[in-house]
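A.B. asks: Use these hints to put chain W onto chain L, whose structure you have.
Protein chains in written order, with our numbering: chain L, 1 to 84; chain W, 85 to 796.
If you're looking for bench data, these hints aren't it; they were derived computationally from the structure. Where hints are given, some of them may not hold.
What the hints assert, rightly or not - Quick list of the computed label-pair ranges, beta carbon to beta carbon:
1. L/V60 <-> W/D183: 19 to 29 Å
2. W/N126 <-> L/E61: 18 to 28 Å
3. W/G206 <-> L/R50: 35 to 45 Å
4. L/D39 <-> W/D151: 17 to 27 Å
5. L/R14 <-> W/D131: 15 to 25 Å
6. W/D180 <-> L/V60: 23 to 33 Å
7. L/V60 <-> W/N126: 42 to 52 Å
8. L/R50 <-> W/A657: 42 to 52 Å
9. L/Q68 <-> W/K166: 47 to 57 Å
A virtual CB, placed ideally from N, CA and C, is assigned to each residue, including glycine.
Letter by letter, the chains look like this.
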Amino acid sequence: MADGDLEELTRQLRVAVARIQRLSDDHWHALDPTCGAMDADAWMGPAGRRFGSSVRSDRVELRGQLSQAVRNAQAKLAAVPKIS
Amino acid sequence: MSDRSTSFVGVRQPAFDAMVSGHVRAAAQIDRLAQALWAELNRAQLDTSPAIRIRAVAGRLREQAADLQRRQRLVREMERQKIGFGFSTSQGTLWDLPDALDALQARIDGAEAADLAKEAAGGDRKALGGLTRLAAEANNPAFARSLLERLGADGVITLPAALAQRLRMTMDARASSLGADEAGVQSALKMLSRALAVGTNPASGGYVGDSYLNRLAAQGRADHRFPKGGPNDTYNGYQPLATLLGMSDGRPPFSARFMQIVGRDMIAYDREHRPKHSLPRTPPPVAFPYVPGTPHRRPEDASAPTPDLTGLLQLGWALTPEADRPTVDPPSHGRTDFLNGLLHAAAFSRDGSQALLDHTPSGQKNSDLEYLLHERRPLWAYTDHGTSLGQAMSAAMSAHDPISQKLFKETSELLGRDTRKYFTYGKDHKLRFSNVDGHADDLSGLRPSLGAIMCSHLKDLEDSLFADISGSELPKILPSPRDVDALLAEAGQSDDGFMSLVENAIGRSRVLLDQRHAEGVDNVLIAQGGFLGHLLALRHEALVARGVTVDTTNAQIKELIDKGVGLVPVPYAKLFSGVPASVYGELAGRQYGKVGAWLFQHMQQDGGSAAEDTKVATDEQAVRKLLRHMSLSVAIDRFNASGGRASGEPFADEKGKILPPSRWDDKARSRFIDWSQDKNFAAPQMSQRVETVIKNSHDDAISSFNGTDETP
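In isolation and in its complexed conformation, chain L is listed as follows (with noise of 0.2 Å):
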C-alpha cells in the first residue's frame, strides 16, 4: 500500500474514531432522566418495578454497546502500519 493511501486510511479511521466517541459521548447519558426518576418514586408499583429494572439493563446495555463500538474503531486505527 502506498504511503499516500496508508496516510488518507489513517485520517479517515481517526476521524471515524472522533465521531463515534463524540456519538457515545452525546447519548452515554441518555436514559439517566428516566432512572433518575424512578430513583426517585416517578412511579410505583409492580409495573413501575419492571419498567425500571428494564430501563436500567437497557442502559447497561446502551453503554456496553457505545463502549465496544469505540474500542473496535481505535483497534482499527491501531492496526493500521505505521508509515515509516
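C.D. replies: Same frame as chain L, but now just chain W:
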C-alpha cells in the same frame, strides 16, 4: 419513600409527567443514534453489530414510551374527572392508580358510567343511551369499584329510584319513547346490579370495603324522597336495593359478606316492620290502584309486604328482564315483596344463601329461617308463595356440609310442625286435611324446592325413617322420621316436587342395587322399598285428604313401572361419559336424579314390552314390582358379567348373553321361567323383612301424623 414504594401503587406528580416526556425524547434520540452509528461503522468498514444492538434497545424504549403515554393520558383524564384522590407530599402529589392499563381505563369508565347514570336519572336520554356502551364492563372489578365509589352508597339507592320514577313518568305521559326508555333503564340497572355484586365481594379485587356495606345498610334503612316530588313521595332505601338484587343473574353471585351485612339487615328491617295483626286468610285485592303522580310507600294496607320499585310504582314488567318473566301478566296483581329480590340474589350461591339463612339476630329468640318460614308464612301468599325463598333454601341446604345439614334439620322441624297443623291422622289410617287458619297453601311455591332439597338428602331421609329397623340410633343432625313424613306430604302436593322425588328415589334404588349386589341387597331393598312406600303413600293420602281424586302423576309413574322401568339396565358409561368406572361407586346427590331421569325418558321413548302380568293397582304393589324388576335385571347383569351363557335360548343373544328383560317377548319370558328353574338361576327373592317394610310403609307414613305437636 422506599418503604412506601413497596406497597403503594401509583405515580408521583409532576415527576411522572416529566419522566414521560423525557423518556419519549430519549427513545427518539437513541433511535437516531442507532442510525448514525450504523452509518459511521459501515463507512469505516467496522463491525456494525453494536449499532444493530442499540437499534433493538431503541425499539424497546419506543414501546415503553408508548405505554407511558397511554398511562399518562389516563392519569390526566382521572385528574380532569377528579377520580380518586391525590395526596400531597413534600416531593409532589401521589396518585393511587391501578397497575394494569386496562384496569386504569376501567376505573375511568366506571366513573364515567356513574356520571352518565346520574345524568340519565335527571332525564338525559342521551346519557342513558351512552350507558349501554359501558354496560359490558360491569364485571370488571376496577370498573365496579370506581362506579360504586363515585355513586356512593346513597347513590346506589337513589339512582334506581330516580330512573324508575322517570320510567313511570314516561308511562304516565304515554310517550312513544317508552320502549327505548324501558330497555335503557333495564340495562342501566342490570349494570349497577352486577357492579354491586362484583364490588361488594371481598374476593373480587374491586372490593369497596366493609364500611361501604355498612353505609349501604344505613342508606337502606333510611327514608328517601323521589326527585320529582309530590306528596307522599318517600320510599325506603331497601326498596330500590331489592329491585337491583332482583335483577341479578348470578354472574357473579352476591358475596357472603354482602349477605351478612346488608342481606341480614334487610330481614331484620322486615322483622321490625312486620304486620302487628294476624293476616287475612287470603290476601285482599290491591286496595289502591295506581294514581299518576302519587307514589305510595305501601300501595295498599299495612298488612302487605314492603314492595320493591316495581310494586311501589306499579311498573308491571318494565324492570323485569324478559327471561325472568314466568307468565304473560305480572303476577299477584302487581304486588311485589322486597325480600323476594334479596332471596333471588341469595339463591345463586351456597355461601351467600347460607350466610343469609343461617343466622339468629342478637336479641331475637328465633332464627331468621324460623321467621321466614313460620312467622312470615302468611305474607308469602301476597306474592310468589315462597318460590324465591325455596330457591334460596335449596342453594343453602342441598349439600352435605354441616351448615346445610343443620339448616335442613331446622327446616324439617319448622315445616314439619306447620304441615301437621293442616294434616292430621284419621282413625281409618287416612290423613285428614283442614285448613285451620287459611294459610295451608301460603308456601305452595316452596314445594318444588323442598322436593329438590329432599332429593339431595335421600340417604338422610332413609336413615331417619329406617334407623330403627337397621338397629342403629338416629344421629341428632338428621330430621326425625315424623318430620320426614310431614315434608313428604308437603312437598308431594306439588307435581314437580313429587315427580323429582320419585325420579331420584328410583335412580338411587337402581344405582345402589348395581353397586351393592355382591354384599347382599336386603338392607338396600328395605330402605328403598320403604322410602318409595312412604313417598307414594303420602302423596296419595295428602291429595285424597284435599279432595283430589285423580292423580295423573301417580298414574304415570305406575304405568312406567308396569312397562318395566325396573328392567332396563343403566348405561352408566354412556350417562357419565368421561368418568372412570370406579367413580360410579361414588355416585350421589344429583346423579341419582340423572339415572332416574334417563330411565324415565328411556321408557317413555322406547315403550318397553312388558305386558307380562297384570297392571299394578296399589302403591305398595308398584314398589314391589319395581324392586323385583330391578333385582332381576341386576341378577342378569351379574350372570352375564361372570361369563354365564344361555346359548340358544330365546331370551339370549347369539353369544348366549341374556338380553335385558325389557327386550323380551312373551315366548322369551315364559321360556326364561323354565330355564331359571332348570339351571337353578338365582332369581332374587324379596325377603320377608322387605315385604313387611313395603306392606307397612303406608300405615307407618300416615301414623306419623298421629298425636299433637308440643308447643315450643
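A.B. asks: Indicate, hint by hint, whether the structure satisfies it.
C.D. replies: So, going through the hints one by one against the coordinates:
A hinted range of 19 to 29 Å holds for the C-beta pair L/V60 and W/D183, which are about 25 Å apart. For the hinted restraint 18 to 28 Å between W/N126 and L/E61, the CB-CB distance of approximately 21 Å keeps it satisfied. Taking 35 to 45 Å as the suggested C-beta distance range, the pair W/G206 and L/R50 conforms, at roughly 44 Å. For L/D39 and W/D151, the hinted distance range of 17 to 27 Å is satisfied, since their beta carbons lie about 20 Å from each other.
Taking the beta carbon of each, L/R14 and W/D131 are about 18 Å apart, inside 15 to 25 Å as hinted. Taking 23 to 33 Å as the suggested C-beta distance range, the pair W/D180 and L/V60 conforms, at roughly 32 Å. Taking 42 to 52 Å as the suggested C-beta distance range, the pair L/V60 and W/N126 does not conform, at roughly 25 Å. At about 51 Å, the beta-carbon gap between L/R50 and W/A657 stays in the expected band of 42 to 52 Å.
Distance hint check for L/Q68 and W/K166: the Cβ-Cβ separation is about 51 Å, which falls inside the suggested range of 47 to 57 Å.
Going through the hint list in order, the structure does not satisfy hint 7, though it satisfies all others.
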